[in-house]
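**Q** Just need the whole structure built from these sequences, with the hints factored in.
Residues per chain, in single letters:
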Amino acid sequence: MFRFPLTKKPQTSRKPFSVETLAKNSRLRGANVTQGICPYCAVGCGQLIYSKGGELIDIEGDPDSPISTGHLCPKGANAYQLSVNSHRVRDVLYRAPYSDQWETKTLEWALDQIAQRVKTTRDADFATRDEQGRLLNSVRSIGSLGGATIDNEENYLIKKLLGGGLGVVSIENQARI
Amino acid sequence: MPGLGASFGRGAATNYQQDMANSDCILFMGSNMAEAQPVGFRWPMEGKLKGATLIHVDPRFTRMSAVCDLYVGIRSGSDIAFLGGLVNYVLTNDRWFHEYVLAYTNASTIIDEGFRDTEDLAGMFSGFDQQHDSYDSKKGHWGYEESRPGNAEQDGSKHTPEVESAKDPHVPQGYSRMGSSEPYTSPYEDIINAPRDPTLQHPRCVMQILRRHFARYTPEAVSQVCGCKPEEFIRVAELLCTNSGRERTTCIAYALGWTQHTTGVQIIRTAGILQLLLGNMGRPGGGIMALRGHSTIQGATDIATLYDSLPGYLPQPAVHDPEHEDLSWYIEYGRMPTGYWANFSKFIVSLLKAWYGDAATPDNDFGFSWVPRVDGDYSQLAYFDRMSKGGVKGYFLAGQNPGGGGPNAGLHRAGLRNLEWLVVLDWFETESAVFWKNDPNAPPPSEIGTEVFFIPAAAAQEKEGSLTQTQRLIQWHKKAIDPSGDCRSDAWFFYNLGKRLKQLYAGSTDPRDQGLLNLTWDYDFDEQPRLPDGTLSRIEGEPDLEKVLMEINGHRLNEIDPRTGEPHLVSGYSELKDDGTTACGCWVYSGVFPEPGRNRADERKLSDNPIQPEWGFAWPNNVRVLYNRASADPEGRPWSERKKLVWWDSEKRSWVGLDKPDFELTKPPDYQPPLGATGMDAIAGTHPFITKADGLGWLYSPGIKDGPLPTHYEPVESPFGNLLYPKHSTNPTVRLFPGPLNHIAHMPTAEYPVVATTFRLTEHYLSGPMSRFNSWLNELQPEMFAELSFELAAERGIVHGGWMTIHTPRGQIEARAMVTRRLRPFVVEGRVVHQIGLPFHWAFAGEVVGGNANDLTALVADPNVSMHESKAFTCQVQAGRLEGQALHPTAPTAHWPTLDPIPDTPASAQPEGRIGHGK
Amino acid sequence: MASREHELSALPQTSDPPRGRLSQLLARLISPYLHGEPRGPVPEVLGRLIYPFVRGEAPKPQQATGFYTDTTVCIGCKACEVACKQWNQLPSDGFNWSGNSYDNTNELSATTWRHVKFIEQFSEQTSNVLAPMGTVSDESPLNRWLMMSDHCKHCLAAPCHQACPTGAIIQNEFENVYIQADICNGCSSCIAACPFGVITRSEMGGHSHKCTLCYDRQRDGLEPACAKACPTQSIHFGPVEELREQASKRVDQLHERGVPQAYLYGDVPSETYSAMHSFYLLVDRPSVYGLPDAPFNPWLHMMGDYVRSVAGGLVAIAVLLVVVFLLKP
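Chains as they are written, first to last, in numbering that gives the first Met the number 0: chain L, 0 to 176; chain X, 0 to 918; chain D, 0 to 328.
Honestly, the hints are just simulated from the structure, not real lab data. Hints are not guaranteed to be accurate.
Among the chain D residues that face chain X by a calculated CB cut under 10 Å, a handful are [stated by the list, open to error]: (1) Gln88; (2) Pro90; (3) Phe94; (4) His235; (5) Phe295.
Heads up, simulated DSSO-like pairs for lysine-lysine below, C-alpha to C-alpha not over 27 Å straight-line [claimed, not checked]: (6) L/Lys104 x L/Lys118; (7) X/Lys477 x X/Lys576; (8) X/Lys604 x X/Lys576; (9) X/Lys436 x L/Lys104; (10) X/Lys498 x X/Lys436; (11) X/Lys388 x L/Lys118; (12) L/Lys118 x X/Lys498; (13) X/Lys546 x L/Lys104; (14) D/Lys248 x X/Lys49; (15) X/Lys546 x X/Lys604; (16) X/Lys546 x X/Lys477; (17) X/Lys726 x X/Lys228; (18) X/Lys604 x X/Lys659; (19) X/Lys659 x X/Lys643; (20) X/Lys388 x X/Lys436; (21) X/Lys436 x X/Lys477; (22) X/Lys498 x L/Lys104; (23) X/Lys477 x X/Lys604; (24) X/Lys643 x X/Lys138; (25) X/Lys604 x L/Lys118; (26) X/Lys643 x X/Lys49.
We put the beta carbon where it would ideally sit given N, CA and C, even for glycine.
**A** Right, here's the structure in full:
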């Protein structure tokens, strides 16, 4: 009865395991695994993204990545919360001029409205040549900012559409900042 | 990053992160890698376990300093003085790598007689234009000495006639062509044949100019300016010198602690000079690591969402007189006769073919006139300055938050309030989305006329695409789940917006609409895409981004691939042509999609080669260590067994090694270009920097707007004058944006005596859009604080853990006081100066909110890249709080992301935390 | 892709585990309770009463596993904290800035199973030359910033385990100390027993919680989330024997490199405490890191306490007898 069990190995076989303890295993069983890249800094860590039933269930490091060998920093380990998060906005929001609140709108409505705004502004401000007669073919009253946190292909589409298509000059991203 | 481009040819980190484990010594300066890139930092740590020495030079003792072997504290904004001191130390103590420097750099090149250094003009270079506060490199004779055929290596001391270059006169004032365009390198045309003096004795050879230029950067001067001790400086210098040479290599790593200065480009240039002198470029464990902070900030520069750059570092065309506005002149200005940029015409014509398809023909200059011309500075800073004064109508924000993260964020928000319409694509309601209702310093919503469209964006896991990380490695990420609700990828938004605009303009015959109407814009999936579990995606109208990547990679238009029935993909940029038979969206990425079904960005093959060349695809051409020809000696043998990487195999008559050679594979080391050679034929077998017109590393680089050699100037806001050049306190070419919202404390003033610097914490990201809505990160760093020394705290009566306020001419914020000995006062020029550190992660929107360090910084810009100076400015600090400014979170606390059970999972495999706490 | 992380996708979730005879019988009795079938008050009460007695046969013992935390390479990034919260889906503890260096977590608790400590040790001298830990140091050793990731020690003889009256705390097949949340009745004996302050009771669920050493992951051959995330490999996970060997080599290496202060904490038993399956490499006294310099297992008091109790009782009886008999007229 009075043992001093400081060095003695515990006898695990006689321990009272509950039903759920016995059935315990990871939730990754049967999940779909997708190889991703961490969206935070520029190290480019590999991530494994697990989903079940169309829902995200876990994101952890990809041990195969020669850059990160399975490790993640606190932000990378938090990537799950970028997707599963009650603060995420899931609807198109619209704020009318001088209004003090958002209104919920549909994607279709927003696309139509934005395309209309772009056309109106562009048609009003497109400059073919400057006062010295030099070729501009540019729109200087519309700009775009962002690109370093989205994908390369998205950057390409922005530059191609706004720059090559519409003549927008001020297309920028965080690279300078 | 022209700081690197001007020295070596390409504006990108030279080595890969894992290579830092091969370094014998790493100097971290302007970088806090352990905190900002913790996982990348595992490689320096591995190097350290193997015996490498890690040095941290920084104004603050950080979590990285804690694990480095040596920490030296220097005052913010004194980096060039410190690095210039290192250059001087290497030169005066004869510690430079003679063979390397003689063969691979322009040390022996003779500079034009008319050039005057800062030593001659008391802190200025020749050619300064007082009227425009800028240099005219031509008038300043910054170029190389003119060549005299058959006489190339003799003393060229005769007077050099004015060289008429087609380039310079047409570059308009105030438009930064160096921003990211590499080809603009020298005002002097005939670089390859410039006279040289291999004995390095000629008084006007680069080596002698360099020696004179840096002579005043003595250890004592360094100590005086930087506030460190001379022996600390010497210890760093000795460590660098003993860990460089044939057998050993040193790496220098930097980040925004260098770039966010009005002298940022020149700081990086000084490091380039140092690494060339020590012979560390192009070698394993060496190089300069530019540690970047966003997942594809490299890609966004390459592709390029920059106003002055087209994809692949081609310059955005600038305004010219009508005689010089066509494609042939653009090519004439942009190309270099020698080196890789001789292929310039192929790159631009292929880009135009990718954009305008069949409509781009030789007859219409391949649609070149549809590409907008730049007639001024349209960089973020300049544009928001314009916006705040009411000159902009519409704006798109794709995953960027200038209202919280822009320098002088208050001015940025004033800009947003002046817009007619704004489109925000983001995940959360960031400061830039709610500036009209939650900004405590703004007028009420009823006075703000901006129409705001918030498009909920898909998270990274909810879309596919590629990201280019800090070492130029392109990696594809797959889509794991559909975004919920109306969330859509940014690609979806711009693709569908483009479709709508094409419809709106359909039928227009106006010439100005033809660019849009002819834009190739067909990226629909061939069949509805599937999710990883095999079910069909719910999202309609998503573009197939692999098709976009194929367009970026390039096609041979005149050849149909029988496998796909589409034009043949090119396997690399060497296949590109300038006759309109190839299309390529970004030539540096060429090779990323070399054949149908082979997306190399998505390749995940591991091999025995430690470089892992089949994991992702690195531009250019999958090279992992740039300029790796320099890892071998001039004869093509590795400098040492320990540091071998790429070498010449004389039996195979080819360059071989672990990495893909960044050199023409079969060009032997003894190749000498014939007289009059052009393009790559003009590059000798011993010249590793192939995108430079002469193939050499440039110790002296005339293509930079603030001088061919780096010079120490104080930050725009500094409590000191310039000890090294008393007549010129700040960079004479700095760009200012005067206005009521952007006051600067120009002169050293008693009103703002404290130096402030901003920094990043591991636990947060940028201004918080990706971290301050996340409870697991918020609990780790919940509140804005300022780091200050015991001495400053005692002087101002500030108590640790209490409140303090920080004031600059732009704004004032409150913060909790973190009084710590990790910050120390500096003794500079015999005077004590205090410095504080401000994390830049908080603002007024989010689950946690707080004082915004960006509200304090100023809109000032480096002349080359329009980069601001958030790493060194002056402020005043006081104990206490701001009145009436208490901020309240705009998002309610959410301890958990969700409490719903994991689907299709028994109770025994549900997460432990949900078992115990949730139900 | 050969990594274990990829293979798991193909595995099915386990079904019911094997059980002993009595348990099978009991389980049948409370089956409606267990499987969420239509319940009435009777099966509900019956289920709750009987469930804790339904126990299975213990799995076969495996190689003992644990953590070895090398504090000299810790960069204080807190990846372990977030990885733990993410995997176990633990709630945040609220947003309170402590001012205690970069530590805003403050302590281990039922909802925080990993905690990174920050100890600033800087002298008043304004010298900027600092020789941080783990390296050549000829300067003042007092200018350093120590960081350490703390967690449950998974003691070989765990006082919490010994104190648990319900059998909720078990030593599982990996010799890790595990609290079975479905058995725990929230009595809090374990909290008092732990000399490291690891365990607290959840205010939400009412049960005690602490680090499980990612039991669920280990069952599937995965390493714990924190050790996997740790970017500089400060946290090592593996068989305890191998970890001890690795750790002692690292101590030797540090001694050679001029860090004579380096030592291991908890790798071997002391006179008053057992070995721990999670042990640390430290460079200063344990109390500097907030660890007890000499941890004491409360069981060691037990023999004396019992003897004293019995003796006291006997004396009391004797006194009573004396009083009763001697004072009896």
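**Q** Against this structure, judge whether each hint is valid.
**A** How the hints compare with the structure:
1. Gln88: holds (4 Å)
2. Pro90: holds (4 Å)
3. Phe94: It holds, given that the least Cβ distance between D/Phe94 and chain X is near 3 Å, below 10 Å.
4. His235: Violated, about 13 Å.
5. Phe295: D/Phe295 check fails; min Cβ-Cβ to chain X is 29 Å, beyond 10 Å.
6. L/Lys104 x L/Lys118: Holds. L/Lys104 to L/Lys118 sits at ~21 Å (cutoff 27 Å).
7. X/Lys477 x X/Lys576: Given that 27 Å is the threshold and the Cα spacing comes to 33 Å, the pair is violated.
8. X/Lys604 x X/Lys576: violated (32 Å)
9. X/Lys436 x L/Lys104: Judged against 27 Å, a Cα distance of about 19 Å means the pair holds.
10. X/Lys498 x X/Lys436: Distance ~33 Å between X/Lys498 and X/Lys436 Cα, so the pair is violated.
11. X/Lys388 x L/Lys118: holds (23 Å)
12. L/Lys118 x X/Lys498: Given pair L/Lys118, X/Lys498 holds - Cα atoms ~13 Å apart, limit 27 Å.
13. X/Lys546 x L/Lys104: Since the Cα atoms of X/Lys546 and L/Lys104 sit roughly 31 Å apart, the hinted pair is violated (cutoff 27 Å).
14. D/Lys248 x X/Lys49: With Cα atoms ~14 Å apart, D/Lys248 and X/Lys49 stay inside 27 Å; holds.
15. X/Lys546 x X/Lys604: holds (22 Å)
16. X/Lys546 x X/Lys477: holds (15 Å)
17. X/Lys726 x X/Lys228: holds (25 Å)
18. X/Lys604 x X/Lys659: holds (16 Å)
19. X/Lys659 x X/Lys643: Distance ~13 Å between X/Lys659 and X/Lys643 Cα, so the pair holds.
20. X/Lys388 x X/Lys436: Status holds; Cα separation ~21 Å.
21. X/Lys436 x X/Lys477: Since the Cα atoms of X/Lys436 and X/Lys477 sit roughly 37 Å apart, the hinted pair is violated (cutoff 27 Å).
22. X/Lys498 x L/Lys104: Distance ~20 Å between X/Lys498 and L/Lys104 Cα, so the pair holds.
23. X/Lys477 x X/Lys604: With Cα atoms ~16 Å apart, X/Lys477 and X/Lys604 stay inside 27 Å; holds.
24. X/Lys643 x X/Lys138: Distance ~44 Å between X/Lys643 and X/Lys138 Cα, so the pair is violated.
25. X/Lys604 x L/Lys118: violated (47 Å)
26. X/Lys643 x X/Lys49: holds (18 Å)
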